[in-house]
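**Student:** Below, each chain spelled out in residue letters.
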Amino acid sequence: MSSPGAAAALWLAAFAFAGCRVVKPGDPLLGLTREQRDRFERGRAVFDSVFTPETGLGPLFNSTACGECHEDPKSGGTGDEVEVHATAFRGGVCDPLVQEGGPVIQQHTTPALKQALGIDAEPFPPSATARAMRTTPVIFGRGLLDLVPDSVILSYADPDDKNHDGISGRVNRNVDGRIGRFGRKALVPTLREFNDGAFVAEQGVTNPSVPTEETIGGKPIPGGVDPVADPEINQDQLDLTNDFVRFLGAPTPERLGGEGRRGREIFSRIGCAACHVPMLRTGASPVAALRSKDVAAYTDLLLHDMGPDLADICLGLATPAEFRTEPLIGLRSVKTFLHDGRAATPEQAIQDHGGEAAGARDRFQALPPAERQALIAFLKSL
Amino acid sequence: MKQAAVFAITGVLAGSLAGVAQQAAPQPAVPYTYQGTVHSVQAKTGTLELITGVGHALRLVRMSVPTGVRVAGTAAAGASGGVMGVQPGDVVRVVCHRAGGRLVADKVEKLEPTR
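Chains A and B, in that order, are what the protein sequence lines are. Start counting the first sequence at 2; every next residue gets the next number (our numbering). Start counting the second sequence at 991; every next residue gets the next number (our numbering).
Here chain B stands alone, though its shape is the one from the complex (with noise of 0.2 Å):
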C-alpha cells in the first residue's frame, strides 16, 4: 500500500476517534488530523513524532511544525509558539498537510484529559 494512502486512512481514522470532523478538502493540500501521545519533539529541527494508532498495534507518525506554527493549549496549560511547546507525554491534536512526501503541521493543539 501507498505511503499516502496509509496516511491518509491513518488520519481519518484518528480523526474520527477523536470526534472531529475532517474537513472537505481544498484544493490542492489535502488535511489531515492525528490526536495522540507526543513521542520525541526536535527543536533544532522541528520534528515532532505522534504515538497514534489502534489498541495495541501502535504507530509513530513524524512531522514537521514550522516556526510560525504556535501550540495552542487549553486554559490551564496556556499556548507556546513553536514545536517546544510540547514534550514527550502530552497529547495533542494536530491538523497538517502534506507537502513534499512530508507531513507538514497547520495547527498544534496541547489537549488536557477530560474528566
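Chain A extracted, bound-state conformation (with noise of 0.2 Å):
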C-alpha cells in the first residue's frame, strides 16, 4: 500500500476502530451481550432511584440515591459527598461499634425519625477511639476487580516484608474470615455484598440480602416512623443494581503524550507501581466481558500501613494506619484526593504518603520539577 489516499484510509479505519473501543467514564464494559446491556441500563434507572420515606428511605440515611453521590462525571463516579464512619481499636482488636451504631454513622434522618427522637444524624458513637471522613469514591471498573481471583491477590503480600523493599502488604479478611477488596479498608469480600449493604448503610433502604434497617447508636428504631413492610427494594431491583455496577467499564486511559509516556516509566521507577500494580487480570466469569480481561487497575488490593498521619479507623483486621491501595481506575474523574479528600491534587495526595509509602514519596519530591510533572501527567491520564 503506497498511494497517499490508501494510507489515509487505512489511518481512518484504524482510528475509527480505536474509537470504537473507547471506554468513556460511566460507560459499560465492551462485549457485553445485548441482553446485558439493557440490564446495565435498567440497573442504572434503580441506581439513580431517589428514594424517599414513603418508598424506603431512612429512617438514618447518608444520602437518597446511590446516584446522589456517585454522580460525577457520571453515573457510577465521584461525589462530593463525606461520609462519617467510627470504630474501636483497644488491645490490637477492632470493635466496628455495632453495638452503638457503627461503623457506617448516618448523617441525615428522615422528618418522622427527627420528630420522634429530635436528632438530625446519628449520634456518634461514645466508645468510638476514632473518627473517619470518607469520600465518595469512583466505581467504574470494579466488576474487574471483583473477579481478580483471591490467589492473584495473596500473590503479592507481603505481611513480613521478606523482600525487604520495605512493603508489606497483606489482605484484610470479612468478618467471617474471607479475604476482602471492596472498601477503603478491604473489608468487603465481593462487589455485591458491599452494593447490597450499601443499600441499607447508606440510604436506610433494606433489601431481600439485608432485610434488617440500621440501629440509632446501636438502639431499634421507635415505632411508627418507618412504614414501609421489609424488604424495601425487591430482589429484581438488588439484581438491576448490582448488574449496572458491575457492568460499569474501566475508562480507557487517554492517549499518552511523551510526558506522560515518560510519567508512566517514572511512576515504576520510584517505587509507586509495588503497591499501585498496573495490571491485574480477572478470573473466570460467566460474563465474557468480564472473564479473563487484563485491568489497568493500579492495586494491589492489599493493605498497607500509610504512617500516623493518614490513620484514621480500624476495620476487620486493617489497623487504624492500613489503607488499602486505591485503584486509580478512573483517576482523572476524581476531584479531591485520598480516603477523607484532604488532598487538592495528586501531586499532595503523594506527598501526603507515608510509613510504607514514604520511600516512594520521598524519591517522587527528590525528582525534578519536569519529573514531577511528568508522573502526574501521567496520573491525569487514567
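Everything labelled a hint here was simulated from the structure, so no lab data went into it. Don't be surprised by glycine CBs; every beta carbon is placed ideally from N, CA and C. There's no promise every hint is true.
Calculated cross-link-like contacts (lysine-lysine; reagent style BS3-like; alpha-carbon spacing at most 30 Å) [what the hints assert, rightly or not]:
1. B/K1034 <-> B/K1097
2. A/K220 <-> A/K25
3. A/K381 <-> A/K163
4. B/K1034 <-> A/K220
5. B/K1100 <-> A/K163
6. A/K336 <-> A/K75
Just the calculated beta-carbon pair ranges, DEER-fashion [said to hold, decoys possible]:
7. A/P309 <-> B/Q1032: 30 to 36 Å
8. A/Q352 <-> B/E1102: 36 to 42 Å
9. B/T1037 <-> A/V23: 36 to 42 Å
10. B/S1030 <-> A/R22: 37 to 43 Å
11. B/G1058 <-> A/V83: 48 to 54 Å
12. B/K1097 <-> A/H165: 41 to 47 Å
13. A/K220 <-> B/P1078: 19 to 25 Å
14. A/A230 <-> B/A1089: 55 to 61 Å
15. B/S1030 <-> A/G32: 19 to 25 Å
With the hints as a guide, dock the two chains, each given alone in a separate frame, to form the complex.
**Tutor:** Right under this line is the structure:
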C-alpha cells in the first residue's frame, strides 16, 4: 500500500476502530451482550432512583440515591459527599461498634425520625477511638476487580516484608474470615455484598440480602417512623443495580504523549507500582466481558501501613494506619484525593503518603520538577 | 418484619456465604448457621455475641452457649470446652437453634484463615 489516499484510508479505518473501543467514564464494559446492556441500562435507573420515606428511605441515611453521591461525571463516578465512620481499636482488636450504630454513622434522618427523637444524624458512638471521613470513590471497573482471584491478591502479599523492600502488604478479612477487597479498608469480599450492604448503610433501604434496618446508635428504631415493610426493594431491583455496577467499564486511559509516557516510566521507577500494581487479570466468569480480562487497576487490593498522619479507624484486621491501595481506575474523574479528600491535587496526595509509601514519596519529592510534572500528567490520563 | 424471620434469613445468608449447606429442617428446631467474628464472651452467663453482616451493614447476633457445648478448633488452634474457648476477634462458625425466643448454640467451631 503506497498511495497517500490508501494510507489515509487505512489511518481513518484504524482511528475509527480505536475510537469505537474507547470506554468513557460511565460507559458499560465492551463486549456485553444485548441482554446485559439492557440490564445495565435498567440497573442504572434503579441506581439513580431517588428514595423517599414513602419508598423506603431511612429512617437513617447518608443519601437518597446511589447516584446522588456517585454522580460525577456520570453515574458511577465521584461526588462531593463525605460520610462518617467510627470504630474502636483496643488491645490490637478492632471493634466496629455495631452495638453503638457503627461503623457507618448516618448523617441524615427522615422527618418522622427527627420528630420522634429530635435528632438530625445518628449519634456518634461514645466508645469510638477514632472518626473517619470517607469521600465518594469512583466505582468504574469494580466488576473487573471483583473477579481478580484471591490467589492473585495473595501473590502480592508480603506481610513480613521478606523481600526487604519496605513494602509489606497484607490482606484484610471480612468478619466471617474471607479475604476482603472493597472499601477503603478492604473489608468486603465481593462487589455484590458491598452494594447490598450499601443500600441499607447509606440509604436505609432494606433488601432481600439485608432485611433489617440499621439501629440508631445501637438502639431499635422507634415504632411508627418507618412505615414501609421490609424488604423495601425486591430481588429484581437489587440484581439490576448490581448488574449496573459490575458492568460499569474501566475508562480507557487517555492517549499518552511523550511527557505522559515518561511519567508512566517514572511511576514504576520510583516505586509507586510496588503497591499500585498497574495490571491485574480477572478470572472465571459466566460474563464474557468480565472473564480473563486485563484491567489497568493500579492496585494490589492489599492493606498497607500509610503512617500515623493518615491513620483514622480500624476495620476488620486493618489497623488505623492501614489502607487498601486505592485503585487508580478513572483517576481523571476524581476531584479530591485520598480516603478523606484531604488532598486537593494528586501531587499533594503523593506528598501525604507515609509509612510503607514514604520511600516512594521521598523519591517523588527528589525528582526534578519536569519529572514530577510528567508523573502527574500520567496520573491525570488514567 | 418479625425477629424470627430476620434471624432465619440472616442465618441462611451467613450459611450460604460460608459455603455451608443448610440442612433440611428437622422437627421441631430449625438450625441456623452463623459465621462471624466474636464480639464478646460472657463466661458467667454463657453468652456469645457475634458480628455478622453484609458489606458495611454489620449486625450483632447474640446467643447462649450451654456448658456442654465444646469449642472445636482446627488442629493448630486446639479445642477447648465452653464459651471461654473463644475470645473477641476470633472467627467462628456456630450452628444453633431457637428456643424460647433466644438462639442457643449447638456447635461452635473456631476457624483459621485459609491462606
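**Student:** Run every hint past the structure and note whether it holds.
**Tutor:** We went through each hint and held it up to the structure:
1. B/K1034 <-> B/K1097: holds, 19 Å
2. A/K220 <-> A/K25: This hinted pair is violated, its Cα atoms lying about 44 Å apart.
3. A/K381 <-> A/K163: violated, 33 Å
4. B/K1034 <-> A/K220: holds, 24 Å
5. B/K1100 <-> A/K163: Given that 30 Å is the threshold and the Cα spacing comes to 29 Å, the pair holds.
6. A/K336 <-> A/K75: It holds: about 13 Å lies between the C-alpha atoms, which stays within 30 Å.
7. A/P309 <-> B/Q1032: 30 to 36 Å: holds, 35 Å
8. A/Q352 <-> B/E1102: 36 to 42 Å: holds, 40 Å
9. B/T1037 <-> A/V23: 36 to 42 Å: violated, 58 Å
10. B/S1030 <-> A/R22: 37 to 43 Å: Given a distance of about 54 Å, which is not inside 37 to 43 Å, the answer is violated.
11. B/G1058 <-> A/V83: 48 to 54 Å: holds, 50 Å
12. B/K1097 <-> A/H165: 41 to 47 Å: About 44 Å separates the Cβ atoms of B/K1097 and A/H165, which means 41 to 47 Å holds.
13. A/K220 <-> B/P1078: 19 to 25 Å: Cβ of A/K220 to Cβ of B/P1078: about 22 Å, so the range 19 to 25 Å holds.
14. A/A230 <-> B/A1089: 55 to 61 Å: violated, 28 Å
15. B/S1030 <-> A/G32: 19 to 25 Å: violated, 49 Å
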